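A.B. asks: Listed below are the residues making up each chain.
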Amino acid sequence: MAGPWRSLAFTGAIWMLAAWVAAFNIGPLLASLGVDAAFTPPDISDSRAVLLYYGLLPRLAMSVVCGFALGLSGTLLQHVLHNPLASPSTIGIEAGAQLALAIMLVWFPALLGWNRDLVTAFGGFAAMLVVFSVAWRFQFNPVSVILVGLVLGLYCSAMVMVLAQMKDHYLTGLFIWGGGSLNQNDWREVGRLAPKIMIASLCAYFLARQLSLLTLGETARSLGMKLPLIRASVIFVAVTLTAFTVSSVGIIGFLGLAAPVIARATGARHIRHRLALAPLIGAGLLLLIDQLLQLQLSLGGVSLPTGAVTALAGVPILMLVMLRSKSMMQGTPAAQQGQAPSRRPGLILAVLVALVLAACVVAIMVGRDIDASWTLQTGATLESLLQWRWPRLLAAISAGVLLAVAGSLLQRLTGNPMASPEVLGVSAGTAIGLLGTLFLVSAPDYGQRLFGGFLGAAIVLALLLAMSLRKAQSSNQFLIIGVSLGAFLTALFSVILASGDPRAASLLNWMVGSTYATSGETAVISTVCAAIALSLALLFTRPLQLYGLGEGAARSRGVNVRLFRALTLGFTALLTAIATLAVGPLSFVGLMAPHLAQKAGLVRGVRQIWGAALFGALLMAVADFIGRTIYFPWQLPTGLTATLLGGPIFAFLLLRSGKTLRQN
Amino acid sequence: MDSISSGKLRRREVLAGGMALLAGIPSVAHAAPMRIVSLDYGLAQTLLELGAVPAGLIDPASWPDWVMEPILPAGIANVGSNQELNMEMLQLLKPDLIISTPYLEWVRPQLETIAPVQSYPIHAIGSSPMPHIVEATRQLGDILGRKPAAEALIGRTEAELARAREQAGHLRDRGVTVVSFLDARNLRVYGPGGIFQDVFDQLDLRNGWTMPTNEWGFSDAGLSELMTLGDSRVFYMDPVPPDVLATLPESPLWQAMPFVRSGNAQRIASVLMFGTLPSYSRFARLLAEA
Chain A
1 MAGPWRSLAF TGAIWMLAAW VAAFNIGPLL ASLGVDAAFT PPDISDSRAV LLYYGLLPRL
61 AMSVVCGFAL GLSGTLLQHV LHNPLASPST IGIEAGAQLA LAIMLVWFPA LLGWNRDLVT
121 AFGGFAAMLV VFSVAWRFQF NPVSVILVGL VLGLYCSAMV MVLAQMKDHY LTGLFIWGGG
181 SLNQNDWREV GRLAPKIMIA SLCAYFLARQ LSLLTLGETA RSLGMKLPLI RASVIFVAVT
241 LTAFTVSSVG IIGFLGLAAP VIARATGARH IRHRLALAPL IGAGLLLLID QLLQLQLSLG
301 GVSLPTGAVT ALAGVPILML VMLRSKSMMQ GTPAAQQGQA PSRRPGLILA VLVALVLAAC
361 VVAIMVGRDI DASWTLQTGA TLESLLQWRW PRLLAAISAG VLLAVAGSLL QRLTGNPMAS
421 PEVLGVSAGT AIGLLGTLFL VSAPDYGQRL FGGFLGAAIV LALLLAMSLR KAQSSNQFLI
481 IGVSLGAFLT ALFSVILASG DPRAASLLNW MVGSTYATSG ETAVISTVCA AIALSLALLF
541 TRPLQLYGLG EGAARSRGVN VRLFRALTLG FTALLTAIAT LAVGPLSFVG LMAPHLAQKA
601 GLVRGVRQIW GAALFGALLM AVADFIGRTI YFPWQLPTGL TATLLGGPIF AFLLLRSGKT
661 LRQN
Chain B
1 MDSISSGKLR RREVLAGGMA LLAGIPSVAH AAPMRIVSLD YGLAQTLLEL GAVPAGLIDP
61 ASWPDWVMEP ILPAGIANVG SNQELNMEML QLLKPDLIIS TPYLEWVRPQ LETIAPVQSY
121 PIHAIGSSPM PHIVEATRQL GDILGRKPAA EALIGRTEAE LARAREQAGH LRDRGVTVVS
181 FLDARNLRVY GPGGIFQDVF DQLDLRNGWT MPTNEWGFSD AGLSELMTLG DSRVFYMDPV
241 PPDVLATLPE SPLWQAMPFV RSGNAQRIAS VLMFGTLPSY SRFARLLAEA
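Listed in order, the protein sequences are those of chains A and B.
Counting in the numbering used here, the first sequence runs from 1 upward without gaps.
Counting in the numbering used here, the second sequence runs from 1 upward without gaps.
Isolated chain A, as found in the complex:
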C-alpha cells in the first residue's frame, strides 16, 4: 500500500474503533429514544433525552473538535519548526495558559467570572510571545525555539505548582482542568469553539501552499520569500488553535505531538497528506480514549481526567511507532553552541567556589523570626534551627552537583546541548521507578527507594543506548523519548491524584522537590555520593573529549566505545537517581548548570564539569535559602524554586548568546 493510503487506512481504523466504543455508551439511549433525539432539543422533562442531547453528544463533538485542532496545531508546529519534538506542550503554550488561569483563580477571581476562555487564551498567547521574542533573535532557529519553549513550559508549570502549594483549596478545579476534562453541560462550549477552530483551520490550509514551499528549506529564501515572516504566521495559527482548545477543555497534552508523528510513521510522508490526516488521527484518538473512559465509568470505574489518560495512552503508542519507523527522524541536527573558552578559567572557578561558600553561610545563618522579621541567627537560636537548615542545604547542594555532572556527561556523550537528565527522561524514569517501589513495598527505606529509582533511570538510559546503537545519528529521538516520558510521568501523577490514592500526597510533595523534612542521614548520603561522583566524573573527561571528535577517532585512540558509552550512561543513571530522590524530578538544574558553565567560558574537560557542578551547587543553595525565607512563614519547595530561579537566568544567557547561536 502506498504511504498516504496506509495512513488513511490507519486513521479509518481508529475511527471505527472509536465508533464501536461510542456505540456502547450512546447506543442504548439512541435505541430507546430514536435517532431523532440526537438532533432535536429535547423536552427538559425527559431526563434521558436531555442527558443524550446536552451531555453525551456535546462531549462527543467536543472530543472531535479538540482532537482535530490539536492534531493540526502539532502538524503545523512540527513542520514549520523542522522539529519532530514541536507540539503545543513542548513550546510552552499550554503551560502558559494554565498559569494565567491559576493567577486569575488566586488573585482576580472576579475577572474569571467575566471570561475564563479569554484568560487562558491570554496566557497561551503571552507564553507564545515570550518564546517568539526570543526566537525572533535566532530567526526562528528550530532548536532554540524548542529549547526556550521547554524551559518556559517548565517554568509556568512550576509557578502553577507554587500557587497550588499555597492555595491548594482554591486550585482543585485547576487540577481537573490541567488534567483535561471533556465534560460538557450543553452545546454552547462546542458552539463557541468549533467556529473559532474552523476559521483557524482555514487559515492553516490557506498557508499550506507556503508551507510546502517551506519544505524546500533555505532555498525558499532565494525565491524572495520572507521565510521568518511565514514561519511566524504559521506558528501564530498553530498557537491560536491550541489556545482556543486549551481554554475550552484544558490540557490534553500529548495529542498535538502524537497525531502528526503517527501520521508520518504510518506513511503520510508529504506535508499535504499530514495536514489532512494528522488532525483526523488526533480527533479519532481523543474520541476513542474519551469514549473508553466513559465506558469504564459506566461499568463502575473511577472518574479520570481525559487529558491525563490521553497522555498515558499516547506515549506507548508514540514510542512503538517511533521505534518501528526508520525515516522519520530527519530533524535538524542539534546546534552546538560555540563559545570561546575563557582565558582565566582558574579565576572563574575560584569566584564560583567563593559564591557557593557565601551562599552556604547565608543559608545557614540568615532566617526570619517568629514575627517574620529578617534576622541573623546566632547562639542558642541558631543551634536549635541548625538541625533544620543543614540537612536541606546539603541535600540541595549535593543534588545540584549530581544533576550538573549528569547533565554535562549526557550533553557531551550525545553531542546535544538539550540533553540532560530532565530532558532525556532519566529523571522521569527515576520517578516512575520510585513510584513502582512505593506501590510494591509498603514502607520502603532509603536503599529500596534508591534501588527502584536507579532501576527506572537505568532502564530509560539502556533504552536510549539501544537506540543509539541501532541508529547513529538520532539525538532528536533521544529527546522525543525523554519528553514523552516526562509527559507520561505527569499524566501518571494526575491519574493517581485523581484516583485519590493516599500515597499521592507524599508523592506530590516529592515531585515538587520539597526538602523541608530531609533527614540528616539522607543529606549525608547525598553529599558523600556527590563527592564521589565529582571525582569519578573526572575519569570520564578524556575519553569524552576523544569521543567528541567522533566515534572513529575515539576508537582509533584505544577507547572501547561501546563499553565507554554503557559505563557513562550507567553512571549518569545512578547520579540522577540519587539526586532525584532528594529534590524531585523537576529541578532542571541538569540542563542549566552545564550551559551556565559554558557561557562562563568553562567549555572543556575537567573545567567544564567542575564549573557545571559549582553552578549546580550555587543554584540549589540559593534556591534553598530563597525557598525557605522569601515568603515566610510559607515555604517554597527547593526543586521548584531552583526552576523559578534558573529559568530567567537561562533565558538571559540564551538572549545574550544569540549571535553565536544564530551562526549555527
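In case anyone wonders, no lab produced these hints; they're calculated from the structure.
Source: prediction; values computed, not measured.
Don't be surprised by glycine CBs; every beta carbon is placed ideally from N, CA and C.
A hint or two may mislead.
Derived, one-sided and incomplete: chain A residues facing chain B with beta-carbon distance under 10 Å [said to hold, decoys possible]:
hint	residue
1	Y54
2	R59
3	A517
Residues from chain A shown here face chain B by an in silico Cβ test under 10 Å; the list is partial [said to hold, decoys possible]:
hint	residue
4	Y53
5	P58
6	I370
7	R389
8	G627
Go by the hints and put chain B onto chain A.
C.D. replies: Here is chain B on its own, set in the frame of chain A:
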C-alpha cells in the same frame, strides 16, 4: 446510630455540661497552659471548643473561607501548609505538643525532635469518621486535662444533632445531596465515609447520591451525572467558583435537572468537610434551617 455516644454517657451529659460551665469561669490555671500546634483544621476546631487556643496552625488565613466555626482568635502563628510545613517556625514556637493526622505521618520523626506528636486518624479511613472523631475529642480532652469540656462538646454536638433532627422533617420527603463545584462542569458529590453522610444518618435523611465514594467520602463527577439524583434536594456548598454562578443558569443541562426544575437546588454556606464535631453541629444546623 441515632446517638453519638452510648446511653451511659448521655446520663453524664448534664453533669458534664455543668462542669463545662464551671470551667468557663476564668479559673486560675494550675500550670502554664499547654502550647499546642495543630497541623489540621479539624483538630484545631476541637481544640478551640475545648478552650485551648493553639499557638500555631497551618494557614490560619484561610480559616474563615473554609471552616467558619468556631471563630479563630487572632494572633495564631502560621506554620505553613500541609505540603510544606515550616519547621523553623515550629521550632521557634517551642510547642509542648503537636497534633497531626496520619497524612503527615511521614514527617513524624522530624516533628518529634521539636515536641511530642499526637496523630489522630479522623478522616480518609474509608468508613464513617464519627466514632474516630469522638474518640479523638475524648483523647484531646484527656491530654489537655479538660475531660469535662470534651464530654460537654460531645454532649453539645449530640444535642444540636437531636434538635436538627426534629427540625429536619421537611427534608425527609426526598433525597438530600451535597455537592461542591470545582468548576462549571466538574463537581464533588459527598457520600459514605465523610461527615456529611454521618449528619444525614443522624438526621434520618436519605442521600440521593448512590455512586461509590472514595475513602475521603466523596465522588468526582461531571455535571451530567447529577441526573441520577432525580428529584433530590441538592445543596451546592460555598465557596462556589465565580464563573460557575454566572454560567450555570444558562445551561440547559442544569435547567433540565429534575431538582432544578422543582426548585430544590440551593446554595449552602461552607462547612469544613474534613472537620470535627463543630462541623457536624454547623452542618446539621444549616441543613435544618434550609
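A.B. asks: Hint by hint, note whether the structure agrees.
C.D. replies: Now for the hints, and whether the structure bears them out:
Given hint, A:Y54 at the interface with chain B, holds; its Cβ is 4 Å from that chain's nearest Cβ, closer than 10 Å. Proximity of A:R59 to chain B holds as hinted, the smallest CB-CB distance being about 8 Å (cut-off 10 Å). Taken as an interface hint, A:A517 checks out: its beta carbon lies about 4 Å from the nearest beta carbon of chain B, inside 10 Å. Restraint check, A:Y53 versus chain B: the minimum CB separation of about 8 Å is within 10 Å; hint holds.
Taking 10 Å as the C-beta cut-off, the interface hint given for A:P58 holds, the closest approach to chain B being about 9 Å. The interface hint given for A:I370 is met, as the beta carbon of that residue sits about 5 Å from the closest beta carbon of chain B, less than 10 Å. For A:R389, the suggested interface contact is upheld, since its CB lies about 8 Å from the closest CB of chain B, less than 10 Å. Among the interface hints, the one on A:G627 holds; its C-beta lies about 9 Å from the nearest C-beta in chain B, closer than the 10 Å criterion.
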